[in-house]
Amino acid sequence: MYAFEIDRPTTLDAAVTALGQEEAQALGGGQTLIPALKQRLASPARLVSLTGIDDLKGICVADDGALCIGAATSHATVAAEAAATYPALADLAAHIGDPAVRNRGTIGGSLANNDPSACYPAAVLASRAMIRTNTREIAADDYFEGMFATALEEGEIITEVRFPLPEQAAYVKFAQPASRFALVGVFVARFADGVRVAVTGASEDGVFRWTEAEAALSDDFRPEAVAGLSVDPEGMIGDLHGSPDYRAHLIRVLTGRAVAAAAA
Amino acid sequence: MPKDHGIGASSKRREDKRFLTGKGRYTDDINLPGQAHAWFVRSQVAHGRLTGVDTSAAEAMPGVLRVFTGADFEGVGGLPCGWLVTDRFGQPMQEPGHPVLARGKVRHVGDPVAVVVAETAEQARDAAEAVEVEIDELPAVLDMKAALDPDAPLVHDELKNNLCYDWGFVEENRAAVNAAFETAAHVTTLDLVNQRLVPNAMEPRVALGDFNPATEDSTLYTTSQNPHVIRLLMGAFVLGIPEHKLRVVAPDVGGGFGSKIFHYAEEAFCTFAAKQLRRPVKWTCTRSEAFISDAHGRDHVTRIELALDAEGRFQALRTETHANMGAYLSTFAPSIPTWLHGTLMAGNYKTPLIYVNVKAVFTNTVPVDAYRGAGRPEATFQLERVIDKAAREMGIDPVELRRRNFITEFPYATPVAVEYDTGDYNATLDKLLEIADVAGFEARLADSKSRGMLRGLGLNCYIEACGIAPSQLVGQLGARAGLYESATVRVNATGGLVVMTGSHSHGQGHETTFAQVVADMIGIGEDMVEIVHGDTANTPMGMGTYGSRSLAVGGSAMVRATNKIIAKAKKIAAHLMEAAPEDIELKDGKFSVAGTDKSVAWGDVTLAAYVPHNYPLEELEPGLEETAFYDPNNFTYPAGAYACEVEVDPETGKVTVCSFAAADDFGNIVNPMIVSGQVHGGIAQGIGQALLEAASYDDYGQLLSGSYMDYAMPRADDVPFYRVDHSCATPCTHNPLGVKGCGEAGAIGSPPAVVNAVVDALQRAGHTGVTHIDMPLTPARVWAAMQG
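Quick mapping for you: the protein sequence lines, in order, are chains L and C.
Residue 126 in the UniProt record's numbering is what sits at position 126 of the first sequence, and the numbering runs on without skipping anything.
Residue 690 in the UniProt record's numbering is what sits at position 690 of the second sequence, and the numbering runs on without skipping anything.
Simulated from the structure, these hints should not be mistaken for lab results.
No experiment lies behind these values; they were computed from the predicted model shown.
Where is the CB? At the ideal position from N, CA and C, for every residue including glycine.
Possibly wrong hints are sitting among the right ones.
As the list claims (entries may be wrong) - Pair ranges (Cβ atoms, derived):
| hint | chain 1 | residue 1 | chain 2 | residue 2 | range |
| --- | --- | --- | --- | --- | --- |
| 1 | L | A264 | C | R444 | 23 to 29 Å |
| 2 | C | G788 | L | E204 | 25 to 31 Å |
| 3 | C | P139 | L | Q25 | 36 to 42 Å |
| 4 | C | R444 | L | E204 | 38 to 44 Å |
So here's chain L without its partners, still in its complex pose:
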């Protein structure tokens, strides 16, 4: 780890100001950034920790029924406190990493980083969630721009994620054996006006929607509805742990399982 300065603002305004400094980098729960610093893969001169800002923490239900999660809320808190309102999301949070990761890692940090194998992006995209920042609101469909790339501007801070509550939903993750990140993860959410299917872990372009499955499932919300579909392996990740063909195959299998779990 290289030496760096660290700011620990307690208000959003102070954080925005701090991030305006030269070579400043926002720090959420640090579950990606700190390992990168330790390996000297990143060398920011200044870190601005966002986890001391109380306004960014906590979970509530808005007047319109959406579940609102502060960006600095830990996975463990989501797992515990969203269990009644959005069990599929709570279940997803409960299976990220290990207890240490879940108690440090935050939803905002995960979404800002947009690791192509992270779990939360699938939930956000499938749930049609809204990402609020210090300057604007960004719809999930506009937010994810490929591996580690998002619509966030320099210095922009995620403040809250608002999840409309689907009628039925489930997330099924197939773990990469070493890291236990998602080799493939599929989040299925059924709303009154249609089904959304978001896939993480599989594509070289990061999280994406499997629209063919969405159409089929909107007509017939049963696992059998996707049994005959297939995903084009072109553009899927191929690595030590699985070929593009294997990942494409898993997307269909896991989508079927997620539908079964959502309907259960």
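With the hints as your guide, set chain C onto chain L.
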């Protein structure tokens, strides 16, 4: 009725109190006044010509004391290889040099090029980034068969090719073996890979060198399984320090699995630099660095062929293996695919004709050496896989096929140069069938099917040669060391004992089991016996711990030393009771005169030895301290049978290990709990190899699985609760405790059981074309196999 103390009791591990409460003292816990820190600059390319190392910028960085390069080691020896293998034409292996720091060429990613020594580790690391290394990259030699192509680039320019040796065993049997294949009723052939593994001991390696200019004594604190071996190799071959001026201390060591046997460049560097700088110099390995600097294990590519008669009796066995040496010869590397592998190819079976061919190959990869089992897992895996395949091809039950070929009479001289002293392979197999509930398999299969899952049962036998080793024999085979063990038993005046052993404990629980043995022999409490190990300054010259040898060899030395103590103590007791020494009996810590009610306590005798007021000084020296060395006259041969049941998800290929059972014959058992623990750990490593672990290089020689993000270690939920049994004991016939060794069995016996089970599951589901899947059996590989 289980014993509650002494030999046979499951005494709690006394070392765990300090380990579990954070009071262990590991090498990295040792910090010396004035200590400086080293950071190694390592090659980032697999193969290249080193054209320049510019250290000037680094030397100007804050806190930097000095930057060392290969040029600083002019006149210093290279890292020695401890075993000379002779090839099948009678020629010595090709043995390239192994410099402490690279000179002329770099030969693998991780090859050390320079070292920065600075006031702090962070300063050293900062400055290391300023060392400018110029390398003209050369094509990397990676695939072993391609490495033997006449046009392949040379890993070592001074060698004639990349072949370390072409070994044939037993060369004289070659023609007869080939002839047997010509006439066999059935031949089963299997091509397989025993993949490269990274040892991953919990504690990464650490070295701390110190030099006292007043006495000119050097001290090395290091994470070693054998401090005396390091003292000899480093002192005599690398740095030229005589043993009486060099102390090597290996304190608490957090696991080794073989990887801490070897003498590494970092040890020599820290010892050397401490003398140069007149400062203690410490290096602590990071986990990432361990992946590219600890010797790796396995990495064999094998074709095995088994010839059988129409009834399934084994007629002949023939194997051809390419064994990866990596870029340099690690300390014992040449012996692993040869003498620790070829000699085990008979397994538990009376195959009359065996020929083993091994081509050891240099590649631009991390050196490969012993890793838990060391050659024996490779032998067991290929043999037990080909037997399973033969059983399927011939329509013979795999259990029956094994039984039909078991060795049943002992001693048994195999056609591969070893003599099994004792064993009962039907007994362990029977026990296995019982504890694995093989009879209930069909019901479990039906249950799995009802849940849409495939289920398979795999089993296998294994044998290993442990208790390494008879020195004269291994000397004939090329070992450049003896393999005896030592113990000094020091009895204190008030009766407590300290046993100083040349063995080294790095997880095995010696401090508990060794104390059980000595306490049992004398009849005193285990808490009266302290075990000391790991410091060349206060233990007799010993060869250390590996190859499941410590109780069989080190324990035997300890028994001998204790017997000397008892013999002398009886003479003292006889004097005290005015009786003849031959009439003295020792029981429960009390000396008595046979046939009388006269007795003296252990403590009375030990006190007399050190306060010799009433003592036969004219006949007997005062004091009570004895040393013994023990050189075994054969290996020991633990053996057993293992079974694994798996479920395979037909949609994803994911394998779940549902149950694992192990029936082992370890001979006599000193501490059943510790033995079970050793088996548990070994099976976990074996399941890790079978399903999860692989060191994978890309085409440029970069290690793709260079961290835990991509190298899958087994976690608790990857393994089941084990059923282990070691009640089938045929005691070793040639050591005093009748023990065989248990440290590696789990890792040797388990991989074939897992793979056999997965193949069985797929076969039962109609995937009849799947006769083998190479390890690790990841979901992706199993799924691909099912796709045909």
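So, going through the hints one by one against the coordinates:
In this structure the hint that L:A264 and C:R444 lie 23 to 29 Å apart at CB holds, the actual value being about 25 Å. For C:G788 and L:E204, the hinted distance range of 25 to 31 Å is satisfied, since their beta carbons lie about 27 Å from each other. At about 39 Å, the CB distance of C:P139 to L:Q25 agrees with the hint of 36 to 42 Å. Evaluation of the 38 to 44 Å hint for C:R444 and L:E204 yields a pass: the beta carbon distance comes to about 41 Å.
Violated hints are absent here; each numbered hint is respected by the structure.
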